[in-house]
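Novice: Just so we're aligned, residue 1 is where the sequence shown starts under UniProt numbering, counting upward by one.
I should point out that these hints are in silico values taken from the structure, not numbers from a laboratory. Heads up, some of the hints might be wrong.
[To be verified] Simulated DEER-style distance windows between Cβ atoms: (1) Ser173 x His115: 33 to 39 Å; (2) Val368 x Ser263: 49 to 55 Å; (3) Ser74 x Phe213: 18 to 24 Å; (4) Asp261 x Ser362: 44 to 50 Å; (5) Ser74 x Ala116: 14 to 20 Å; (6) Glu189 x Asn109: 37 to 43 Å; (7) Gly63 x His115: 48 to 54 Å; (8) His115 x Glu354: 32 to 38 Å.
Note that CB positions come from ideal geometry on N, CA and C, so glycine has one too.
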Amino acid sequence: MAFLSCLAWLYIAGRDLERRIVEAEMELTLAKSQGYLRKQPQESGTSSGQKLLAVIGVYTGFGGRLRRNIIRGSWMSKADDLAKLEERGIVVRFVIGRSANRGDSLDRNIDEENHAMKDFLILDHHEEDQEELPKKAKFFFSTAVQMWDADFYVKVDDNIDLKLDGLIELLQSRQGQDSAYIGCMKSGEVVTEEGRPWYEPEWWKFGDQKSYFRHAAGSIFVLSKNLARYININSASLKAYAHDDTSVGSWMMGVQATYIDDSRLCCTYSGQGTYEYECFPGNVTVDQLPTGEEVMNKTVWKVIVGNKCSCTFEEVKLFCAGFQSIKTINSSVISKSQNLCLVNDGLPIYPNTEVTFTYAWSRKIALVPFSLQEYCS
Numbered sequence: 001m002a003f004l005s006c007l008a009w010l011y012i013a014g015r016d017l018e019r020r021i022v023e024a025e026m027e028l029t030l031a032k033s034q035g036y037l038r039k040q041p042q043e044s045g046t047s048s049g050q051k052l053l054a055v056i057g058v059y060t061g062f063g064g065r066l067r068r069n070i071i072r073g074s075w076m077s078k079a080d081d082l083a084k085l086e087e088r089g090i091v092v093r094f095v096i097g098r099s100a101n102r103g104d105s106l107d108r109n110i111d112e113e114n115h116a117m118k119d120f121l122i123l124d125h126h127e128e129d130q131e132e133l134p135k136k137a138k139f140f141f142s143t144a145v146q147m148w149d150a151d152f153y154v155k156v157d158d159n160i161d162l163k164l165d166g167l168i169e170l171l172q173s174r175q176g177q178d179s180a181y182i183g184c185m186k187s188g189e190v191v192t193e194e195g196r197p198w199y200e201p202e203w204w205k206f207g208d209q210k211s212y213f214r215h216a217a218g219s220i221f222v223l224s225k226n227l228a229r230y231i232n233i234n235s236a237s238l239k240a241y242a243h244d245d246t247s248v249g250s251w252m253m254g255v256q257a258t259y260i261d262d263s264r265l266c267c268t269y270s271g272q273g274t275y276e277y278e279c280f281p282g283n284v285t286v287d288q289l290p291t292g293e294e295v296m297n298k299t300v301w302k303v304i305v306g307n308k309c310s311c312t313f314e315e316v317k318l319f320c321a322g323f324q325s326i327k328t329i330n331s332s333v334i335s336k337s338q339n340l341c342l343v344n345d346g347l348p349i350y351p352n353t354e355v356t357f358t359y360a361w362s363r364k365i366a367l368v369p370f371s372l373q374e375y376c377s
């Protein structure tokens with residue numbers, strides 16, 4: 001009888017322990033959803049004690065000094081004026097990681113520039129590399145939310161001309177709204193062909209239709225404080241895909257985020273939005289894929305020249321040394337003159353469009369954007 005009584009006691013104790021574990025897990029989940037943090041040093045706001053409206057992180061790279069100087073000369077205040085901007089509740093920093101070869105000239109150049117300008121947020125634990133870009137969002141939001149207490153955290157690319165006053169007005173109208181995920185919401189085809197722009201190596205995870213879920217375009221998007229804290233708490237377990245915008249979008253699907261599609265955060269050339277793209281040769285994408293066909297025992301290559309800028313490229317030239325002797329299959333699309341190739345026969349390439357042509361050669365020829373003439377209507 002005593003044995004049965006002992007078993008009954010163990011059963012009751014086990015059920016009680018199981019209940020406590022479930023309750024603890026629920027409390028932990030609630031804490032995470034509300035954005036509670038481990039105790040960490042945090043700047044409360046401005047020097048006057050005013051809480052910040054937003055922290056704006058401008059993604060930049062080692063080769064982006066020209067773009068940074070353009071931004072410093074336009075919408076982003078210079079070092080002496082950053083403090084005044086922060087008194088308005090806005091912190092702006094260029095966001096960059098470290099070189100794969102820690103302490104090399106790339107790192108030293110950034111440190112020297114930061115010493116002079118004092119406008120960087122350096123992510124010491126992030127490797128600044130194109131392939132590591134999707135992980136940069138985890139490091140940026142985690143670091144920013146630990147350093148500054150703000151209502152919103154904003155990610156911006158360094159190739160856009162931001163209208164800062166318009167962004168501030170937008171954020172002020174959303175103050176007090178928790179779980180806000182604000183941006184130019186979009187979805188689209190998952191690119192499955194390696195070598196094409198926006199290729200996703202894990203395309204098979206997105207189903208037979210191969211279509212992305214709704215997410216904010218990566219050029220600029222906003223997270224409220226509790227969502228940024230959620231990323232900080234869960235950064236070790238959050239899955240990053242090939243692109244930062246779809247990565248963040250996948251994280252938002254797992255929480256009670258409020259999706260806010262605001263057209264003012266869409267790329268525009270009408271002057272009505274919050275930002276416009278700066279047009280650089282780097283905004284021209286050139287991708288080459290083997291077609292699987294041959295002409296005179298030479299591989300046929302398909303070239304895709306894309307325009308991801310908001311401006312229309314009136315004329316695009318590629319550096320194409322060694323390309324002159326190669327017979328193009330549809331030569332009306334590209335004309336050659338010495339080491340330069342004029343794309344689209346000199347006709348405009350409009351925003352978010354592609355021009356394709358093919359050529360036959362035993363190997364892929366290097367085609368590099370050389371110059372462009374653009375106009376914004």
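Novice: Run every hint past the structure and note whether it holds.
Specialist: Hint-by-hint comparison with the structure:
no.: 1; hint: Ser173 x His115: 33 to 39 Å; result: holds (37 Å)
no.: 2; hint: Val368 x Ser263: 49 to 55 Å; result: violated (35 Å)
no.: 3; hint: Ser74 x Phe213: 18 to 24 Å; result: violated (34 Å)
no.: 4; hint: Asp261 x Ser362: 44 to 50 Å; result: holds (48 Å)
no.: 5; hint: Ser74 x Ala116: 14 to 20 Å; result: holds (19 Å)
no.: 6; hint: Glu189 x Asn109: 37 to 43 Å; result: holds (39 Å)
no.: 7; hint: Gly63 x His115: 48 to 54 Å; result: violated (19 Å)
no.: 8; hint: His115 x Glu354: 32 to 38 Å; result: violated (43 Å)
Consistency with the previously given hints fails for numbers 2, 3, 7 and 8, ordered from lowest to highest.
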